[in-house]
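Using the sequences plus the hints, can you model the full thing?
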Amino acid sequence: MKDFNTCYCDKDIRIVVTSLSLFKSPLIRYILKRVLLSIPLIFGIIVVNFSIVHLAPGDPVQMYIGEVTPSPEYVQMIRERFGLDKPLYVQLFAYIESILSGDLGYSFAFAMPVVTLIFEKVSATILLIVTAIIFACLMGVTMGAVSAIRKHSLSDNVIMFLALAAYSIPQFWLGMLLILLFSFVFPIFPTGGITSLTGVTGINYAIDVLYHLFLPALTLSVWYLAIITRLTRSNMIDVLSQNFITLARSIGLGEKTIIFKHVLRNALLPLVTIIGANLGFMLAGATLVETVFSWPGLGRLMWESLSRRDYPVIMGLLLFSSIMVITCNIITDIVYAFIDPRIRYK
Amino acid sequence: MAVGGLIITCAIVLVALFAPWISPRSPYSLSNEILQPPSTRFLFGTDDLGRDIFSGIVYGARTSLLLGLLSVCISTIVGVSIGAVSGYYGGKIDMLLMRITELFQSMPLFFFALVLLSVFGTSIWNMIVVLGLLYSPIIARLVRAQFLSLKERDFVLALRGMGISDSTIVFREILPNASISIIVSVSLQISQFILIEAGLSFLGLSDPNVMSWGFLLNNAKRFLRQCWWLPFFPGVAITLTTLGFNLIGDGINDALNPRLRER
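Chains as they are written, first to last, in numbering that gives the first Met the number 0: chain A, 0 to 345; chain B, 0 to 262.
Derived from the structure by calculation, the hints contain no laboratory data. The structure presented is a predicted model; accordingly, all values stated were derived computationally and were not measured. Every residue gets a Cβ at the ideal spot worked out from N, C-alpha and C, and that includes glycine. Certain hints may be false.
Here are the simulated lysine to aspartate or glutamate pairs, EDC-like style, with alpha carbons at most 20 angstroms apart [as the list claims (entries may be wrong)]:
#1 Lys255/A / Asp237/A
#2 Lys220/B / Glu303/A
#3 Lys150/B / Asp165/B
#4 Lys150/A / Asp165/B
#5 Lys85/A / Asp58/A
#6 Lys32/A / Asp249/B
#7 Lys150/A / Asp253/B
#8 Lys91/B / Asp153/B
#9 Lys255/A / Asp155/A
#10 Lys85/A / Glu72/A
#11 Lys120/A / Asp102/A
#12 Lys91/B / Glu101/B
FRET-style restraints, in silico, Cβ to Cβ [as the list claims (entries may be wrong)]:
#13 Pro207/B / Asp58/A: 23 to 31 angstroms
#14 Gly90/B / Tyr210/A: 54 to 62 angstroms
#15 Ile206/A / Pro36/B: 36 to 44 angstroms
#16 Tyr73/A / Gly120/B: 20 to 28 angstroms
#17 Arg33/A / Leu29/B: 55 to 63 angstroms
#18 Asp237/A / Pro207/B: 43 to 51 angstroms
#19 Pro71/A / Ser38/B: 51 to 59 angstroms
#20 Ile92/B / Ser154/A: 30 to 38 angstroms
#21 Phe213/A / Gly49/B: 33 to 41 angstroms
#22 Gly253/A / Met161/B: 57 to 65 angstroms
In structure tokens:
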């Protein structure tokens, strides 16, 4: 029968030894390296934000308040808090301190702290973007694959031309056209918002949201669809011409098996990088689409704050969206390292 | 396909150049005929202040093309300089410049442009400079990659062995080889800039003194239900112009890039 103290010590050491051995795994080391490298990036973005606040014409106090005239006591409090009459490096520290403590400012237009405002709206934007990405990937990979298999045929040329056309259409114009067609001419879909004004709950609420989601997500996905189609096609053409595919055919594997089990897996790998790297552009598209469809997300928040010159919200959104982009880049790199083991050893 | 793109783009450039002769009246002149559908007098209809949409599109072509060209000039000059220095010399300069470009790639550039324009004002020159500077890191990365691969080639080593100065090597030997990729990306960037400018104007950040397609679309938002001609024609113009430049870029890419893999 072991002594109680010895039991406790053994378990302790076992935990320590297990967690230390995790560091031997190249995947974990890669993840840590990636995360640590991003910290100076975030710091750089905060410094850039700070420079914008101070390079702006006019009194920097306006950048912390927005274009409203609150009480003089509030203005004085902001001046003291951020040390606006002290040298620049003191102000920088005060700025960083306030951000790290979670305070991004206060919006008078919405009468709530900026952080609360952002977290209220972020789920709507994420819903829109994720739906658009899923749709664009499914359709894009299918069309790209069809195009690659029937290379140089009529369907290939048609698909490629459609992809180029889709890449050239301004997203907000497409949104307006879709509203004209499908909400006014053929009244199928609602013209905007995320729900109708009826107060339904439960499953009906979900269906209502989906009903409102369809047109905006479709609009947002078109540009992405074009990119993914072209990329899938060129990747698949590359893979199809490689030696191991010829080998698989000579063994006698059916064409379908070859395509689904071997070609697609290899061809889709670069797609992960592209999806992650393009998140910044997705946010741009989301802003425009949300404005057209009155979708209550971060993009529309940005547009409303721009028209009101509500600077705390604008700067807060810039910081938040930059952190979102950096996080997505890290996640993309990690997923890529997970799928392709060669990356971990670099 | 590239030829088709060239035709479209040339047509639009001609329209932009000869705008004062093509358009029947000034795009800013107000009239009493508010929100009229297309007719023989107003080819594309009028907006809520009686302005002729057709003239607006013709003059807007000038703005978009000018903006696209100037922004691309800025971003190419800045981007090629940074990429060339970074790729050729390597070492600490390379690391520093790459960290800076990584910073730009980690932020949503559109949002950043929105913030800069709302803070510093929305004149057309601001827009040109902001767009040019913000999107130059992309070209810098491209040029750097080209330089890194070209730098190790035999002819460069031979030239260095002969004692030819660095700047001569860069300008006379390496850049011409990299120029195909640069030209392709220039063409694609012009189309992107036109789309981005339209987006920025649509969100309200356009120069109020300048007629642009995005401005027309911004106006069209309020009257979407009743007046289909207000968004339709400017959007077609933007799409055609972008398509033209994209076709050119794609065509050059297909024709001139070494394609060893496609059989």
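task = Below or equal to 20 angstroms on CA atoms is what counts here, so check Lys91/B against Asp153/B.
result = Answer violated: Lys91/B to Asp153/B is near 24 angstroms, above 20 angstroms.
message = Can you tell me whether the CB distance of Pro71/A to Ser38/B sits inside 51 to 59 angstroms?
response = holds (57 angstroms)
query = Are the Cα atoms of Lys32/A and Asp249/B separated by 20 angstroms or less?
reply = Not OK: Lys32/A and Asp249/B at ~38 angstroms, beyond 20 angstroms, violated.
query = Is 57 to 65 angstroms a correct range for the gap between the Cβ atoms of Gly253/A and Met161/B?
reply = holds (59 angstroms)
Agreement of Lys85/A and Asp58/A with the hint, judged by alpha carbon distance not exceeding 20 angstroms = holds (14 angstroms)
query = Keeping to a limit of 20 angstroms between CA atoms, is the pair of Lys150/A and Asp165/B held or broken?
reply = violated (44 angstroms)
key: Range hint 33 to 41 angstroms (beta carbons of Phe213/A and Gly49/B) holds or violated   = Since the Cβ atoms of Phe213/A and Gly49/B sit about 37 angstroms apart, the hinted range of 33 to 41 angstroms holds.
request  = Just tell me: holds or violated, for the beta carbon distance of Gly90/B and Tyr210/A against 54 to 62 angstroms?
outcome  = holds (58 angstroms)
request  = Can you let me know if the beta-carbon spacing of Arg33/A and Leu29/B is within 55 to 63 angstroms?
outcome  = Since Arg33/A and Leu29/B have Cβ atoms about 58 angstroms apart, the given range 55 to 63 angstroms holds.
Hint check for Pro207/B and Asp237/A - Cβ pair distance inside 43 to 51 angstroms = Between Asp237/A and Pro207/B, where Cβ atoms are some 49 angstroms apart, the hint holds.
key: 20 angstroms Cα cutoff - pair Lys91/B, Glu101/B   = Roughly 15 angstroms between the alpha carbons, so the hint for Lys91/B and Glu101/B holds.
ask   = CB of Tyr73/A to CB of Gly120/B, is that within 20 to 28 angstroms?
value = This hint holds: roughly 27 angstroms between Cβ atoms.
Going through the hint list in order, the structure does not satisfy hints 4, 6, 8 and 20.
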